[in-house]
Structures are given as structure tokens and as C-alpha cells.
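Enquirer: Each chain, written out:
Number of protein chains: 2
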Amino acid sequence: MLSNLLRSEGHMGTTLRNVQPLAATSPIDIRFEDSRIASITESPTTPPPGDDVIDGGGKIVASGFFNTHTHLAMVLFRGLADDVPLQVWLEDHIWPIENKLRAEDVYWCTLLGLAEGIRGGTIGFADMYFHCDEIARAADEAGVRLLLSPGMAAPSMDEGGAAKLDATTHIVERWHGKANGRIRGALSPHALYTCGEDLWRATIERATHIDVPIHTHVSETRSEVEAWREQTGASPVAHLEQLGAFDVPFLAAHCVHVNEDDIAILADRGVHVAHCPKSNAKLGSGIAPLRAMLEAGVKVALGTDGAASNNRLDMIEEMRTAWILQRALHEDPMRPSADEILAMAATSARALFGLEEEALAVGSRADLILIDRGTLHATPAHDPLSTIVFAANALDVTDVLVNGNWVMRNRELRTIDVERVRFEVEGLLRRHGN
Amino acid sequence: MLSNLLRSEGHMGTTLRNVQPLAATSPIDIRFEDSRIASITESPTTPPPGDDVIDGGGKIVASGFFNTHTHLAMVLFRGLADDVPLQVWLEDHIWPIENKLRAEDVYWCTLLGLAEGIRGGTIGFADMYFHCDEIARAADEAGVRLLLSPGMAAPSMDEGGAAKLDATTHIVERWHGKANGRIRGALSPHALYTCGEDLWRATIERATHIDVPIHTHVSETRSEVEAWREQTGASPVAHLEQLGAFDVPFLAAHCVHVNEDDIAILADRGVHVAHCPKSNAKLGSGIAPLRAMLEAGVKVALGTDGAASNNRLDMIEEMRTAWILQRALHEDPMRPSADEILAMAATSARALFGLEEEALAVGSRADLILIDRGTLHATPAHDPLSTIVFAANALDVTDVLVNGNWVMRNRELRTIDVERVRFEVEGLLRRHGN
Numbered sequence: 001m002l003s004n005l006l007r008s009e010g011h012m013g014t015t016l017r018n019v020q021p022l023a024a025t026s027p028i029d030i031r032f033e034d035s036r037i038a039s040i041t042e043s044p045t046t047p048p049p050g051d052d053v054i055d056g057g058g059k060i061v062a063s064g065f066f067n068t069h070t071h072l073a074m075v076l077f078r079g080l081a082d083d084v085p086l087q088v089w090l091e092d093h094i095w096p097i098e099n100k101l102r103a104e105d106v107y108w109c110t111l112l113g114l115a116e117g118i119r120g121g122t123i124g125f126a127d128m129y130f131h132c133d134e135i136a137r138a139a140d141e142a143g144v145r146l147l148l149s150p151g152m153a154a155p156s157m158d159e160g161g162a163a164k165l166d167a168t169t170h171i172v173e174r175w176h177g178k179a180n181g182r183i184r185g186a187l188s189p190h191a192l193y194t195c196g197e198d199l200w201r202a203t204i205e206r207a208t209h210i211d212v213p214i215h216t217h218v219s220e221t222r223s224e225v226e227a228w229r230e231q232t233g234a235s236p237v238a239h240l241e242q243l244g245a246f247d248v249p250f251l252a253a254h255c256v257h258v259n260e261d262d263i264a265i266l267a268d269r270g271v272h273v274a275h276c277p278k279s280n281a282k283l284g285s286g287i288a289p290l291r292a293m294l295e296a297g298v299k300v301a302l303g304t305d306g307a308a309s310n311n312r313l314d315m316i317e318e319m320r321t322a323w324i325l326q327r328a329l330h331e332d333p334m335r336p337s338a339d340e341i342l343a344m345a346a347t348s349a350r351a352l353f354g355l356e357e358e359a360l361a362v363g364s365r366a367d368l369i370l371i372d373r374g375t376l377h378a379t380p381a382h383d384p385l386s387t388i389v390f391a392a393n394a395l396d397v398t399d400v401l402v403n404g405n406w407v408m409r410n411r412e413l414r415t416i417d418v419e420r421v422r423f424e425v426e427g428l429l430r431r432h433g434n
Numbered sequence: 435m436l437s438n439l440l441r442s443e444g445h446m447g448t449t450l451r452n453v454q455p456l457a458a459t460s461p462i463d464i465r466f467e468d469s470r471i472a473s474i475t476e477s478p479t480t481p482p483p484g485d486d487v488i489d490g491g492g493k494i495v496a497s498g499f500f501n502t503h504t505h506l507a508m509v510l511f512r513g514l515a516d517d518v519p520l521q522v523w524l525e526d527h528i529w530p531i532e533n534k535l536r537a538e539d540v541y542w543c544t545l546l547g548l549a550e551g552i553r554g555g556t557i558g559f560a561d562m563y564f565h566c567d568e569i570a571r572a573a574d575e576a577g578v579r580l581l582l583s584p585g586m587a588a589p590s591m592d593e594g595g596a597a598k599l600d601a602t603t604h605i606v607e608r609w610h611g612k613a614n615g616r617i618r619g620a621l622s623p624h625a626l627y628t629c630g631e632d633l634w635r636a637t638i639e640r641a642t643h644i645d646v647p648i649h650t651h652v653s654e655t656r657s658e659v660e661a662w663r664e665q666t667g668a669s670p671v672a673h674l675e676q677l678g679a680f681d682v683p684f685l686a687a688h689c690v691h692v693n694e695d696d697i698a699i700l701a702d703r704g705v706h707v708a709h710c711p712k713s714n715a716k717l718g719s720g721i722a723p724l725r726a727m728l729e730a731g732v733k734v735a736l737g738t739d740g741a742a743s744n745n746r747l748d749m750i751e752e753m754r755t756a757w758i759l760q761r762a763l764h765e766d767p768m769r770p771s772a773d774e775i776l777a778m779a780a781t782s783a784r785a786l787f788g789l790e791e792e793a794l795a796v797g798s799r800a801d802l803i804l805i806d807r808g809t810l811h812a813t814p815a816h817d818p819l820s821t822i823v824f825a826a827n828a829l830d831v832t833d834v835l836v837n838g839n840w841v842m843r844n845r846e847l848r849t850i851d852v853e854r855v856r857f858e859v860e861g862l863l864r865r866h867g868n
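Chains as they are written, first to last, in the numbering used here: chain W, 1 to 434; chain C, 435 to 868.
Keep in mind the hints are simulated off the structure, nothing from the lab. None of these values were measured; they are calculated from a predicted model. Hints may be right or wrong, so weigh each one.
[Claimed, not checked] Simulated DEER-style distance windows between Cβ atoms:
hint: 1; chain 1: W; residue 1: 133; chain 2: C; residue 2: 792; range: 49 to 55 angstroms
hint: 2; chain 1: W; residue 1: 351; chain 2: C; residue 2: 860; range: 38 to 44 angstroms
hint: 3; chain 1: W; residue 1: 330; chain 2: C; residue 2: 702; range: 50 to 56 angstroms
hint: 4; chain 1: W; residue 1: 167; chain 2: C; residue 2: 459; range: 41 to 47 angstroms
hint: 5; chain 1: C; residue 1: 537; chain 2: W; residue 2: 270; range: 55 to 61 angstroms
hint: 6; chain 1: C; residue 1: 524; chain 2: W; residue 2: 419; range: 46 to 52 angstroms
Just so you know, even glycine gets a beta-carbon here, dropped at the ideal spot from N, CA and C.
Please build the complete structure, drawing on both the sequences and the hints.
Expert: The structure is reproduced here in C-alpha cells:
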């Protein structure tokens with residue numbers, strides 16, 4: 001009881017002992033106070049009296065993952081008609097259900113997506129969907145980081161655009177910075193080809209004014225890019241540049257069909273690209289020029305997209321897919337390296353989530369994951385980096401700490417009632433006749 | 435005690451109740467007696483008195499996987515220098531240890547590989563390595579199916595080829611058909627370019643004489659195929675055809691760089707291809723023309739290759755890699771379908787393991803796996819086939835039955851002492867200074 005009293009007054013911290021970092025050979029102890037890392041020292045240390053002490057058991061410690069483009073609530077459609085053409089899939093399977101989704105449905109489905117993500121070590125989600133107050137509420141309760149991205153589409157400002165921009169601005173302003181800074185907002189026109197130019201211009205102006213990023217789909221399919229070029233003479237990336245879209249922090253999902261000129265713009269303007277290799281593969285969109293983007297210095301991060309086109313929200317599997325596709329395509333066993341792949345999953349998009357400081361450093365937010373290296377499929381564990389990138393499963397993640405709070409301990413989720421979530425999602429499916 | 439007596443006299447069977455097949459909407463009960471399936475009936479049934487009754491709990495039931503090209507003992511090298519060129523990897527990392535491996539070392543490493551495979555639902559392994567008596571002993575004890583493939587290489591019959599062919603023939607004859615038919619043998623010249631033509635001719639003759647297949651590497655890298663064409667004017671596949679190699683059952687690993695003519699030969703001659711997409715990606719070998727092979731009717735199965743170039747022995751991940759690469763490459767969301775992918779993993783290579791009858795049919799060998807469909811990452815589970823191919827983890831496999839014996843129950847291996855295997859493999863690494 002005394003211990004609890006002291007804790008609530010903030011006098012104490014937590015010492016996480018005996019964890020294996022990626023870069024060093026010796027295990028370390030990490031101490032954090034409230035939401036920040038207070039010290040990182042070679043093991044063993046003597047924790048200050050009164051600290052909570054947690055034995056890491058030699059597990060790998062790493063920065064948690066950021067899923068930089070997803071539609072969490074679409075877990076509802078996981079495995080629903082995988083092998084059909086896009087139009088059939090949308091018209092016969094997705095839209096009939098999606099059109100009937102209530103705010104509360106999105107809340108439960110988002111929680112299910114968050115649960116899967118946390119289970120696999122994801123601590124931040126750039127989530128583009130609708131009923132966004134429910135999404136923010138779910139992320140707040142789940143204890144994770146969120147880039148809330150209320151999707152909008154309209155042919156022009158007059159035809160619904162102005163109202164939608166105002167509505168999404170209100171949502172973003174309501175949540176930006178909330179939950180101890182874990183929730184951030186972005187304006188999210190769906191794509192260049194689904195939002196009129198005046199809406200795009202107004203969105204850029206608004207994003208500048210309220211100081212939030214823009215998050216949108218860019219050059220996902222070959223046909224989309226070809227149609228846009230035919231119509232306007234410019235590539236989508238060049239067009240966005242001309243509009244001034246890259247004057248604000250910008251998160252461009254997909255960028256599958258970008259050419260050398262596009263890549264130069266993306267690099268030069270510091271655009272964040274959310275590379276979604278598995279969704280691009282499953283939907284037959286193609287293979288993004290990842291190596292060229294990395295070589296040009298583009299800030300590439302990874303995203304799963306929605307579970308309907310993946311079918312997982314698994315950042316380890318997304319890392320695996322990224323290196324498999326590039327090494328096979330370029331017939332090069334050396335690139336991308338494990339380092340490059342892990343950076344895309346864990347660190348390259350931190351700024352979009354309001355984290356300007358280095359990951360896993362003294363003074364930084366206490367965000368980390370622990371990974372079991374004693375599984376059969378990771379034995380022998382010659383090298384922790386190799387274990388994560390080339391051998392681990394999502395289920396090998398054992399503990400997840402976000403902003404100083406454990407959202408998973410010993411493979412048990414602590415912020416989400418998984419059985420309740422299942423119950424609600426199953427009820428929702430029954431209502432829709434599935 | 436009475437029950438045990440009756441069992442040993444073979445009067446009873448086992449009824450596995452309430453499992454979900456891929457093709458039907460209703461759960462089924464499967465009854466087996468000794469090593470064969472006695473009945474398959476819609477649930478619920480009344481098991482005969484005296485049967486062992488096991489509740490499948492609504493799990494997915496499917497045919498177990500066949501890993502048709504691997505080097506199990508190379509789990510020892512998992513994660514050892516992943517991002518270096520092939521020659522550096524071989525000369526600085528692999529060969530120095532491999533040259534010192536003793537027969538007993540290969541036994542323990544093979545068991546570690548088998549344990550990982552079983553854990554992920556693999557019931558049969560085409561394993562090409564050395565110290566093959568130890569490999570056969572490990573597979574016998576582990577209770578799995580094995581296509582024992584003692585690797586051999588020699589420039590000619592006079593320069594070691596004759597002796598090696600005799601030695602491997604003896605090993606193959608010693609084990610072929612043993613362990614209640616679970617172990618089969620194959621003659622395994624390493625490749626066209628590492629074995630002299632007279633050795634190849636003698637091997638084909640020997641395989642015909644002792645009635646076993648040939649298992650070898652074919653057209654794995656671009657440079658290998660180009661060099662062969664330059665030297666002989668023929669592709670490796672065309673050359674093998676001219677030698678008469680396809681007159682015996684033939685398992686060709688890789689076939690990455692095969693052209694239309696090669697594919698026509700492979701289809702026409704009923705050659706089994708072990709497609710190893712992840713290894714081919716990691717080593718930068720390229721992407722095999724899987725779609726063209728499937729369309730031509732080639733009998734394509736899946737293999738992981740060794741863990742050193744994968745880094746897993748995970749057939750679910752191998753399925754995932756196969757569809758990801760092909761859908762991305764061809765920009766086609768419909769092919770390969772989930773059905774085609776699962777057939778490559780589970781059924782297309784059964785004949786090589788001596789299983790001529792259909793999988794999961796009355797009268798067939800009782801080989802099956804159960805898969806948990808209640809995991810977070812498979813929820814909601816709209817469709818069992820989709821769950822396996824697009825969403826499942828290796829760790830979702832809960833039970834593995836081979837030839838009527840449970841080698842894994844409720845995620846616990848029953849034939850391999852995993853802690854002992856770890857202990858031995860770690861001791862082996864310490865001896866080699868790793």
C-alpha cells in the first residue's frame with residue numbers, strides 16, 4: 001500500500017533489467033521514470049530503492065513498430081473474398097457491409113486491429129478511416145500512439161468538399177495532442193484523383209494553418225498513374241508538388257508507380273512514404289521501387305494497409321515482405337540490409353507521431369518492445385537484428401511499453417479486453433449476415 | 435489397463451471430433467484405425483465404444499505440409515551473416531564450421547530442424563545433406579516422413595564419383611521403406627555443374643535399377659545457367675532431359691532460371707519442382723516463373739531450402755512468399771489462388787513420399803494437422819482456406835498427426851525432447867567458438 005502511495009506521487013521509476021539490445025554484445029538495464037527513459041546502463045546495475053524491477057530475461061529489446069498506413073477497422077473484412085478482382089471485391093463484398101457500419105462498430109473493429117498490432121509489437125498506427133472519434137477513443141484506451149487520419153473525398157469544395165474539410169478539421173483539432181501526446185492528427189484527402197483541386201488547395205492551406213501533416217494515397221496502381229498523366233500531363237507526385245502539398249509534413253501511402261523524377265521530388269521535399277509491400281502484392285498493384293527510394297534518401301516507412309488486403313496487421317511480416325521482394329527483384333543478396341529494413345519499421349516515421357528525439361535513448365519517451373529469442377524458429381540466436389528481421393514471428397513479441405506504460409506483459413494484453421472485442425465483432429458480423 | 439491391452443491388439447481406433455475442413459461448411463468427425471483413415475463423417479457422430487475420442491474444438495483440419503527441398507541441419511547457421519555475398523558467406527562463415535561437423539552434430543541439428551518443421555505443420559521433408567544415417571535416425575524417431583537425399587558431388591566416376599555413388603546407394607537402400615514406410619530414399623547428385631556426366635549417367639542407371647527418385651539442384655542462379663549454356667549449348671533442363679534423367683521420378687529444386695522450352699520439358703516429363711521462393715529471394719537468385727510452370731501443368735511443390743538462406747523452416751511463410759512474389763510481379767490479384775498455393779505446400783509432392791492416394795480421404799494414411807482459427811490475427815475467420823494461406827502463423831498449428839501417430843498435441847512436441855536438442859546444439863556452437 002505504501003508502495004502504491006509512493007508511486008502515485010511519482011517518486012519512483014521502473015528498472016528493466018537484463019535485456020539484449022541490437023547494437024551491443026552485452027545485456028543492458030533500462031530505467032524509466034514516468035514516460036521517459038532515465039538511464040541505459042550495461043547490466044547488472046543496482047536499481048534505486050523503491051523502483052519496480054522487471055527481469056527482461058535476456059530478451060531482445062528494440063523500438064516498437066510504427067504502422068504508417070492502415071485502416072484498422074477493416075479487420076472485419078479479413079479473408080472475405082481474397083482472390084477476386086478489385087471491383088467485384090468492393091461492390092459485392094466490402095461496400096455493402098461498410099455502408100452499414102455504425103460508429104460503435106468502428107470502435108470495436110478498431111480495437112481488434114489495435115490488439116493484433118500490439119500483439120506483434122506495433123506501438124503507433126497511422127489510421128485512415130471514418131467514425132474517427134471512435135478510432136481516437138479506442139487508441140486512447142489501448143494506450144498506443146495514433147496518427148488519426150479522417151478520410152475525405154469530394155469532387156470539389158462546393159460539392160461537399162468544404163463541409164468535409166471543416167468536419168475533419170474539427171475532429172483533428174479535437175484530438176491532436178491528446179492522451180498525453182499519444183494522439184496526433186492529419187488531414188486526409190483520400191487521393192489526388194478522388195478530391196477536387198480546390199479541395200486539395202484548401203486542405204494544404206488548412207494543414208499549414210493548424211500545423212498538422214497530410215496523409216493520403218499516392219500512385220498506388222499503374223492505371224491510376226497512367227490515367228492521371230493522360231488527364232493532366234503530370235505524375236501524381238509532380239502534381240502534388242505543384243500544388244504545394246509538400247510544403248507541409250506529408251505522408252504518402254504506397255508510391256508503387258513512381259519514376260526517377262518523382263523519387264527526386266519525394267527525397268528533396270522530405271516526404272514520408274508509407275511502403276505497403278504486402279497489400280501492393282495481394283491486390284496486384286506491383287512492387288514499389290524501394291531500393292531507388294532508399295538510395296535517393298526518401299524517408300520510407302512501412303505500413304500494412306488494411307487487413308482486407310494483407311491479411312495481417314503484422315509489421316514483422318511486412319519487414320519480411322519488403323526485403324523478400326527487393327532482393328528477389330534485384331537479384332542482390334545484400335540489399336536492403338537488415339538495418340535498413342528495421343529502420344523502416346521502427347524509427348523512420350517517428351517525427352510524424354511527434355517523437356523528434358532518437359528512439360531508445362536517455363531522455364526519450366519510454367517506448368519499447370521485448371522479443372523472445374528462445375523460440376525454436378530463432379534457435380540458435382546468433383544475432384538479435386537477424387532474429388527480428390529474418391526469423392521472428394509477431395507472436396514472439398512478449399512485452400510492449402508505450403509512453404512508460406506496459407500495454408502488453410508476457411504476451412497478455414493489458415489495455416484491451418480481447419474476449420469482449422471478439423464478442424462484439426462476432427455480433428456485428430451476425431447482424432450483417434456473415 | 436484393459437484399454438491399453440485392447441489397443442495393443444488393434445481392436446480400436448481414434449475419433450477426432452468436430453474439426454473444420456477447408457472445402458465444406460460443416461465440421462466433420464474423422465476416425466482412424468492404426469495408420470489409416472477409416473471414416474470421415476459430418477459432425478456429430480457416435481464413436482464406436484472403446485475409441486479414443488479427441489475433441490478438435492472446431493479447429494481447421496488440413497493435410498500436413500511437405501517441405502520438398504531442405505538441408506535441415508543447416509539450422510545451425512541461421513542468422514549467421516545474412517547480408518554478405520555468397521562467397522564470403524560460404525568461405526568465412528559456413529564451410530569452416532561445416533567441415534568440422536560430426537555425425538552426431540548432424541543428428542542434433544537435424545532434430546532441431548525437424549522440431550521447427552513439425553511445430554509449423556510439416557509432416558514430410560526432402561532433406562539433402564551428409565551423415566545421412568543420422569538424418570534418417572532423427573526422422574525415424576521424430577515420427578515424420580523423409581525423402582532421404584544423401585548429397586554427392588564429384589568431377590567424374592574415376593575421381594571419387596563411383597565410390598560416392600556406391601556409398602549413397604547403400605545408405606538409400608538401407609533406409610528406403612523403413613519406419614513403416616515413412617522413410618524413402620533418393621539419389622542426390624548435388625547439381626549438373628558439380629557432378630561429371632559419367633556420374634550423372636551412372637546415377638540415372640542406378641536410380642532406375644533400385645527404383646528411387648533423383649533429387650538435385652537445377653537452374654538456381656542466372657550465372658549458373660548462363661555458364662552452362664555457354665559451355666554446352668543447352669540449358670540445364672534440356673541437358674538433363676538428353677541424359678535421360680527424367681526417365682526416373684525427378685525432384686528438381688529451385689528452377690528459377692528456366693525458360694519456356696525448359697518448362698515444357700518439366701511439364702511433359704512429370705518432373706517435380708521444389709519451388710523455394712524465400713531462399714531464392716534472400717540469396718538474390720531471383721523469382722522463379724511459377725505462374726508459367728503452373729499454367730503448363732508442372733508439378734510444383736514448395737521447399738524452404740536450408741535455414742541459413744531463409745531463415746525459417748516454415749511452410750506457411752513459404753506459401754505466403756510464393757503468392758506475394760507472383761501477385762506483385764504479375765500485377766494480378768487473382769493468381770496464384772489460395773487453392774493453388776495450398777496444393778503446392780500440402781499435396782502436390784505426395785507421390786515422392788510414397789503416398790499415391792489422395793490426402794485426407796478414407797483409406798488414406800492418417801496424416802493431418804489442426805490449425806487454431808481463434809487467434810487475434812485470424813479473427814474474424816471468414817474462410818478456413820484464407821486463414822491458412824493468407825493469415826496464419828506457423829505457431830497456429832496445434833496438432834500434427836503422421837501415419838496415425840500424434841507427433842504434436844496442443845502445441846507440445848511429443849517425439850522430440852526440445853530442451854535436450856537445444857542443449858546439444860548450444861554445446862556444439864560453443865565447441866566451434868560461436
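Enquirer: Against this structure, judge whether each hint is valid.
Expert: These are the hints, each one checked on the structure:
1. W:133 <-> C:792: 49 to 55 angstroms: holds (54 angstroms)
2. W:351 <-> C:860: 38 to 44 angstroms: holds (42 angstroms)
3. W:330 <-> C:702: 50 to 56 angstroms: Since the Cβ atoms of residue 330 of chain W and residue 702 of chain C sit about 33 angstroms apart, the hinted range of 50 to 56 angstroms is violated.
4. W:167 <-> C:459: 41 to 47 angstroms: holds (43 angstroms)
5. C:537 <-> W:270: 55 to 61 angstroms: Cβ of residue 537 of chain C to Cβ of residue 270 of chain W: about 58 angstroms, so the range 55 to 61 angstroms holds.
6. C:524 <-> W:419: 46 to 52 angstroms: Given a distance of about 51 angstroms, which is inside 46 to 52 angstroms, the answer is holds.
Violation of the numbered hints given earlier is confined to hint 3; every other hint is satisfied by the structure.
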